[in-house]
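Asker: Got chain X sorted already, so can you dock chain D onto it with the hints?
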Amino acid sequence: MPKLAFHPDEVKVVSKRFGQGAANIDRYIELGGYAAAKKCLAQGPEWIIEEMKASSLRGRGGAGFPTGLKWSFVPKQSPRPKYVLINGDESEPGTCKDHLIFLHDPHAVIEGTIIAGLAIGAKLGFIYLRGEYRYLLTIMEKAVADAYAKGFLGKGIFGSETEFQIITQTGAGAYEVGEESALMESLEGKRGVPRIKPPFPAVVGLYGGPTVINNAETIASVPHVIEMGGAAFASIGSPRNGGTRLFSISGHVQRPGVYELPMGYNLHKMIYEIAGGIRGGRKLKAVVPGGSSTPVLLPEEIENLGMDFDQVGKAGSMLGSGGVVVIDDQTCIVEFALRTISFYQHESCGWCIPCREGTDWLKKSLTRFHAGYGVTQDIDNIQYLAENMMGRTFCPLGDAAAMPTLGFVKKFRKEFEEHLNGKPCPFAKHIELAVI
Amino acid sequence: MSQESMSIFSPQVAARFDALVKKYPVRRSALVPMLLYAQDEIGYLSDAVIAEVAERIGITELEVRNVASYYSMLRFKPAGKYNVQVCTNISCMLRGAYDLYECFQEELGIGHKGVTADGMFSLEEVECIGACCWAPAIQVNYDFHDDLTPQHITGILETYRGRASAEGSVR
Numbered sequence: 001m002p003k004l005a006f007h008p009d010e011v012k013v014v015s016k017r018f019g020q021g022a023a024n025i026d027r028y029i030e031l032g033g034y035a036a037a038k039k040c041l042a043q044g045p046e047w048i049i050e051e052m053k054a055s056s057l058r059g060r061g062g063a064g065f066p067t068g069l070k071w072s073f074v075p076k077q078s079p080r081p082k083y084v085l086i087n088g089d090e091s092e093p094g095t096c097k098d099h100l101i102f103l104h105d106p107h108a109v110i111e112g113t114i115i116a117g118l119a120i121g122a123k124l125g126f127i128y129l130r131g132e133y134r135y136l137l138t139i140m141e142k143a144v145a146d147a148y149a150k151g152f153l154g155k156g157i158f159g160s161e162t163e164f165q166i167i168t169q170t171g172a173g174a175y176e177v178g179e180e181s182a183l184m185e186s187l188e189g190k191r192g193v194p195r196i197k198p199p200f201p202a203v204v205g206l207y208g209g210p211t212v213i214n215n216a217e218t219i220a221s222v223p224h225v226i227e228m229g230g231a232a233f234a235s236i237g238s239p240r241n242g243g244t245r246l247f248s249i250s251g252h253v254q255r256p257g258v259y260e261l262p263m264g265y266n267l268h269k270m271i272y273e274i275a276g277g278i279r280g281g282r283k284l285k286a287v288v289p290g291g292s293s294t295p296v297l298l299p300e301e302i303e304n305l306g307m308d309f310d311q312v313g314k315a316g317s318m319l320g321s322g323g324v325v326v327i328d329d330q331t332c333i334v335e336f337a338l339r340t341i342s343f344y345q346h347e348s349c350g351w352c353i354p355c356r357e358g359t360d361w362l363k364k365s366l367t368r369f370h371a372g373y374g375v376t377q378d379i380d381n382i383q384y385l386a387e388n389m390m391g392r393t394f395c396p397l398g399d400a401a402a403m404p405t406l407g408f409v410k411k412f413r414k415e416f417e418e419h420l421n422g423k424p425c426p427f428a429k430h431i432e433l434a435v436i
Numbered sequence: 437m438s439q440e441s442m443s444i445f446s447p448q449v450a451a452r453f454d455a456l457v458k459k460y461p462v463r464r465s466a467l468v469p470m471l472l473y474a475q476d477e478i479g480y481l482s483d484a485v486i487a488e489v490a491e492r493i494g495i496t497e498l499e500v501r502n503v504a505s506y507y508s509m510l511r512f513k514p515a516g517k518y519n520v521q522v523c524t525n526i527s528c529m530l531r532g533a534y535d536l537y538e539c540f541q542e543e544l545g546i547g548h549k550g551v552t553a554d555g556m557f558s559l560e561e562v563e564c565i566g567a568c569c570w571a572p573a574i575q576v577n578y579d580f581h582d583d584l585t586p587q588h589i590t591g592i593l594e595t596y597r598g599r600a601s602a603e604g605s606v607r
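Chains X and D, in that order, are what the protein sequence lines are.
With the working numbering applied, the first sequence corresponds to residues 1 to 436, in that order.
With the working numbering applied, the second sequence corresponds to residues 437 to 607, in that order.
This is chain X alone, in the form it adopts within the complex (with noise of 0.2 angstroms):
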């Protein structure tokens, strides 16, 4: 089972639950589980989607998209039934999150699910884990029967008359369908590819009605943001970013975990303080901010960046689903890019076009460069073909592999000069030259 973390920096919202045996219903109960489900039915959807605004929680997953004005989009008037997506499809490479919230605290998705519910007018959710996690999906199917043996889910939850129905659901190993329209073709039973935007899901979703579709970390704030008001939630974190983020720091530090701590906390901080710095008295090369698809950061720019959407913004890179994954000075960079962009290439969907080959060609420049049999006109090549990628495919995963891409070659060139005209890599040894 995994390892939890504990740092006393940490402010303990989404995972104050986390190692307390809240997998079990009536535990969760005791813990002040489900008060927050009772209160929003009590109050209706308007007073529910003004507390999430209030909240200024942002969407989890990556994109970082206000949570309440997601779910104020949503047609009130439907002549198609409206649902809940849940995406537990956890993919993006150095993100372990949503793991230990399915693990320790499946109550909590399932009671924000029904406030989603709830404030949209649906009637019917659905929680969709990735294939890999399957002892996760049955935690998360016992918490749903659960639930339903006692009455918070069904056909008059809490007792009252109104509906709400769960269904989980498992992927079967595709991390493009972690991706939103992916996501709701997956659960149709086709394959994952995405879908063409607009309509929005808001408006043409899944089984063409209406859908929410958020980020199980997202949902499992709900319940909290109920509970202690929008207001004192947002007052947790950063301007324009409320509340608090799981990070998960990996990489080359002492104590890699899954830390909870308020938006817009120090990253220099976060990997010196909480994660107990670089691992045997090795100095700190670059982070790779919020999972493997945000362009990476030299030391210099995380002296003083705050970890919130706006701040990693600003600094070039993205907060994304907060895996920030350390990398110390013995790690050689073209290999690391190198790994990426094959996972990328790996996942492609294939359907547009840019991205297929984008992420194919990318990958034989890296492997040939990295075995050193690239030549000067490699590197401007490979920024060239990372930059024809940005923007021109239908889901974001073709700028996912671009963005990092780019990153790596522009503040690492000297790093892939140094791999130039047949000279062996000066770090690494793993990854072999593929016949090309």
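Hint data in this document are derived by calculation from the structure and do not stem from the laboratory.
Beta carbons: idealized from backbone N, C-alpha and C, even for Gly.
Hints may be right or wrong, so weigh each one.
[To be verified] Rough simulated footprint, nothing fancy, chain X against chain D, three-plus residues with beta-carbon under 8 angstroms: (1) 466-472; (2) 500-513; (3) 529-536; (4) 563-574.
[To be verified] Some chain D residues near chain X, calculated using beta-carbon distances under 8 angstroms: (5) Lys459; (6) Tyr460; (7) Pro461; (8) Val462; (9) Asn525; (10) Ile526; (11) Tyr578; (12) Asp582.
Answerer: Then chain D, alone, in the frame of chain X:
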């Protein structure tokens, strides 16, 4: 339905599938989970699995294959009884995943997607499995093993060999 009598799945799994197709607003939503659960029982998506799933969902076999080929966990060839999946993505790579993967290859004598001669183990290099903070991590079938070093490998493989022989003696 006549399926019950001629199903290639065990009665438990067949009953589960009967319930699964009724669970969603649209029958086809059962497809991806059904394929995965079918594979869990049969070991891979054989022609017979594809045919029965297609019939149960009410779509063509071609449509089933079209969907199944998209998902990386679904396979059309048998794997070992225990499928060892080593994550080598960035967070695991930084903490020694490639050393781990090499050691698994040596220990098992097989490479990516290989199967041992006795059919006990197969090996796969996989993308991120969502255990980045407990890296390097692997999955054996659906079990996670995290914070590993090459020293753990023999013990892990022994555990599964033991499990297999315990199951064998019960039969």
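Asker: If a hint holds in the structure, say so; if it doesn't, say that too.
Answerer: Against the structure, the hints come out as follows:
| no. | hint | result |
| --- | --- | --- |
| 1 | 466-472 | holds (count 6) |
| 2 | 500-513 | holds (count 7) |
| 3 | 529-536 | holds (count 4) |
| 4 | 563-574 | holds (count 9) |
| 5 | Lys459 | 6 angstroms, holds |
| 6 | Tyr460 | 7 angstroms, holds |
| 7 | Pro461 | 6 angstroms, holds |
| 8 | Val462 | 6 angstroms, holds |
| 9 | Asn525 | 5 angstroms, holds |
| 10 | Ile526 | 5 angstroms, holds |
| 11 | Tyr578 | 4 angstroms, holds |
| 12 | Asp582 | 6 angstroms, holds |
Figure legend: structure checked against the earlier numbered hints; every hint is met.
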